[in-house]
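Q: Residue-level listing of the chains:
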Amino acid sequence: MSTDLDNFVGLSSALTGIPIERLAPQLDPVGLPPLFLDYVTPRITTDVLNPLLTQYATLAADHVPPDKIAQQVLVTTQPTPNSVLAARSIMKLWFLGVWYQPYDAGSYKKGDSAVVSDQAYIYSWAWKVAQAHPMGYSESFFGYWNEQPSSLEDLTGVPATASSSAQQGDRS
Amino acid sequence: MRMEVSRHGPLGCALFGVLLCPFASAAPSLSPQIPFDVTATQPISLSSLQGNFDELSWQTFIALNWPALDNGNPNTGITIGKQDGATVWESWKESYQIFRAKGQTPLPWDAPATLPEVCKQLKPGRLLQQMGKVPDMLDEFIQPFESGPLVDQNGAYTRNEIVVNQSMFNGIVDNGLYSIEGQQKFFAAKKTNTVAFSCGSNDTSQVGSVMVKASWKVLGANDRPQDFHTVDALVYTPGNSDPSHGPIVEESCASQSVGLVGLHIVHKTASAPQWVWSTFEHVNNVPEQSTPVAQRKGPYLFYNAASDSAINQPPPRPWNPAVKATPSQVVREVPLTGPTNTLNAKYQALLRTANPQSVWANYQLISTQWPTAAPPPNCQISAANPLGNPAPSFLANATLETYIQGTTPQASSSCMACHGNAATHVTESPRTSFADFTYLLERAQSTSGQGAKQ
Chain R
70 MSTDLDNFVG
80 LSSALTGIPI
90 ERLAPQLDPV
100 GLPPLFLDYV
110 TPRITTDVLN
120 PLLTQYATLA
130 ADHVPPDKIA
140 QQVLVTTQPT
150 PNSVLAARSI
160 MKLWFLGVWY
170 QPYDAGSYKK
180 GDSAVVSDQA
190 YIYSWAWKVA
200 QAHPMGYSES
210 FFGYWNEQPS
220 SLEDLTGVPA
230 TASSSAQQGD
240 RS
Chain D
58 MRMEVSRHGP
68 LGCALFGVLL
78 CPFASAAPSL
88 SPQIPFDVTA
98 TQPISLSSLQ
108 GNFDELSWQT
118 FIALNWPALD
128 NGNPNTGITI
138 GKQDGATVWE
148 SWKESYQIFR
158 AKGQTPLPWD
168 APATLPEVCK
178 QLKPGRLLQQ
188 MGKVPDMLDE
198 FIQPFESGPL
208 VDQNGAYTRN
218 EIVVNQSMFN
228 GIVDNGLYSI
238 EGQQKFFAAK
248 KTNTVAFSCG
258 SNDTSQVGSV
268 MVKASWKVLG
278 ANDRPQDFHT
288 VDALVYTPGN
298 SDPSHGPIVE
308 ESCASQSVGL
318 VGLHIVHKTA
328 SAPQWVWSTF
338 EHVNNVPEQS
348 TPVAQRKGPY
358 LFYNAASDSA
368 INQPPPRPWN
378 PAVKATPSQV
388 VREVPLTGPT
398 NTLNAKYQAL
408 LRTANPQSVW
418 ANYQLISTQW
428 PTAAPPPNCQ
438 ISAANPLGNP
448 APSFLANATL
458 ETYIQGTTPQ
468 ASSSCMACHG
478 NAATHVTESP
488 RTSFADFTYL
498 LERAQSTSGQ
508 GAKQ
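The listed protein sequences correspond, in order, to chains R and D.
Numbering-wise (our numbering), the first sequence opens with residue 70 and increments by one.
Numbering-wise (our numbering), the second sequence opens with residue 58 and increments by one.
Isolated chain R (complex conformation) (with noise of 0.2 angstroms):
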């Protein structure tokens, strides 16, 4: 039986391409995933919220493939449903440690935005993605700026496709 976190973590995995155990490492100090999850909750509310973990657990366990989840829980209908606008929301926080307010809920209205926290901004996704690291923060050691950056592979645990592959090259 997975909890909401296992099941947020695992949705966010689908949205962003981040593979599980990067977005929540089995040891984790700093603790993303939950701060995430209390974050989003009142944000999106449960109503919303509930129904996409369903969504996500069930098509997970009939082992249908990430990049297909996100295509069903991101497939759009006019007006967008909040539940895709939620997704969509979601998959920016973790690559940019920003809350995009994506509708009306209570208290918060639609087009706030806000930090998460510094941990959130330092350890977004982005940065790694871009192969960069925040600006005013590098835990890089010194001369690294003149150095080949490291692979896109071991930045994010995601493979350079085909394409991506020979432009990294080209920097090589």
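Simulated from the structure, these hints should not be mistaken for lab results.
It is possible that part of the hints are untrue.
Taking lysine to any residue and the SDA-like style, the derived pairs with C-alpha atoms no more than 20 angstroms apart in a straight line are [as the list claims (entries may be wrong)]: (1) D:Lys-247 x R:Gly-212; (2) R:Lys-161 x R:Val-99; (3) D:Lys-354 x R:Asn-215; (4) D:Lys-242 x D:Thr-162; (5) D:Lys-403 x D:Asn-419; (6) D:Lys-247 x R:Tyr-213; (7) D:Lys-242 x R:Gln-217; (8) D:Lys-248 x R:Gly-212; (9) D:Lys-270 x R:Pro-218; (10) D:Lys-248 x R:Phe-211; (11) D:Lys-247 x R:Glu-216; (12) D:Lys-139 x D:Ala-402; (13) D:Lys-248 x R:Val-99; (14) D:Lys-242 x R:Phe-211; (15) D:Lys-177 x D:Glu-307; (16) D:Lys-247 x R:Phe-211; (17) D:Lys-247 x R:Val-99.
Put chain D on the given structure of chain R with help from the hints.
A: Only chain D this time, still in chain R's reference frame:
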């Protein structure tokens, strides 16, 4: 060479995620053997490994503070704490003995420390040297980022020192890293040369490189010497006649009894190529910030319950150790965890079994910072994750990082995040290089006699 002492208890298996020890003993022991590496116990979790690394910290603390023979080896004929005396780590090399004026070659490991002339007529003692990376700059009592000295309740500055074990000493000397020119030569010799000190390993039964940073307070009339590990020290203050380098200070040396108040132990191991960062303090140093003011009874060494001074503020400049200063008013911003308090009680009780009055039972582990990411083989560091996700994210010793406590990235003390920025003193781009988590190499001076310039 230092003799090897057989270890009590199992430490023949370790390295979480790679090698696990299924029969690790939960019973602590008093042993003079420095652990080679951490022993991870099943089932693995963040808290279980934190406990394993905290155990490593205490075992290392006991081994390093074991009574030493004249040659620096542990005296296995007695147990720690039977009586206070010279410890194993106090025989190691202080930074001023390695990074000498004009980049001179360090004296051999077994050679005694050289004393300043002004100290030579005094009662022999442990030299607490203040000379830093720049001549005339007094940096051994000023904390990281020049955040200020720590002043005890008697108005005296605490004194710091950094020592390294023989393995690390050899790594510096054998590679010529003790001078600027030596560092240049090291990097010029081979394009792939990098600073990488030896690693402790259970597989090879090697201790590897260890650094110790200690803070001492001068014992005054109101202090109880029997509560401290004490040494007879030669507290040396180099003269400064250049106002641009700080206050004008006359060279002096005083024979004084000092008590240990803080101890960093930094150990590079196969499971922690970012080093294991253990930090201990005297139990009477400071209250925790979360303790209500009315319950801060003390007496504390760096906090006065009757004072209304602002907390955790450095004294106003100029910082002159020759002049009595207003006592620091310090609290611990990040409290010890419950498991760490429990472990402290366990080891303090164990130390009291050897001697109910053991001074070592008056010290406590604050925490241990370690890398949670499984390291690559051969003590390498992943370029994609150079700090290895340290846990806890922040760690400060109230006597050594007094003014940079807290949990703010880039502002609060994190051992690995700070020391990951350490570089060599070679200034020619691009060969200024990562210095394997030690700022000591920046103390190297030039053989031309021009001193160390930034």
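Q: Indicate, hint by hint, whether the structure satisfies it.
A: Outcome of the hint check:
no. : hint                  : result
1   : D:Lys-247 x R:Gly-212 : holds (17 angstroms)
2   : R:Lys-161 x R:Val-99  : holds (19 angstroms)
3   : D:Lys-354 x R:Asn-215 : violated (54 angstroms)
4   : D:Lys-242 x D:Thr-162 : holds (14 angstroms)
5   : D:Lys-403 x D:Asn-419 : holds (13 angstroms)
6   : D:Lys-247 x R:Tyr-213 : holds (19 angstroms)
7   : D:Lys-242 x R:Gln-217 : violated (24 angstroms)
8   : D:Lys-248 x R:Gly-212 : holds (14 angstroms)
9   : D:Lys-270 x R:Pro-218 : violated (34 angstroms)
10  : D:Lys-248 x R:Phe-211 : holds (16 angstroms)
11  : D:Lys-247 x R:Glu-216 : holds (17 angstroms)
12  : D:Lys-139 x D:Ala-402 : holds (19 angstroms)
13  : D:Lys-248 x R:Val-99  : violated (36 angstroms)
14  : D:Lys-242 x R:Phe-211 : holds (19 angstroms)
15  : D:Lys-177 x D:Glu-307 : holds (17 angstroms)
16  : D:Lys-247 x R:Phe-211 : holds (19 angstroms)
17  : D:Lys-247 x R:Val-99  : violated (39 angstroms)
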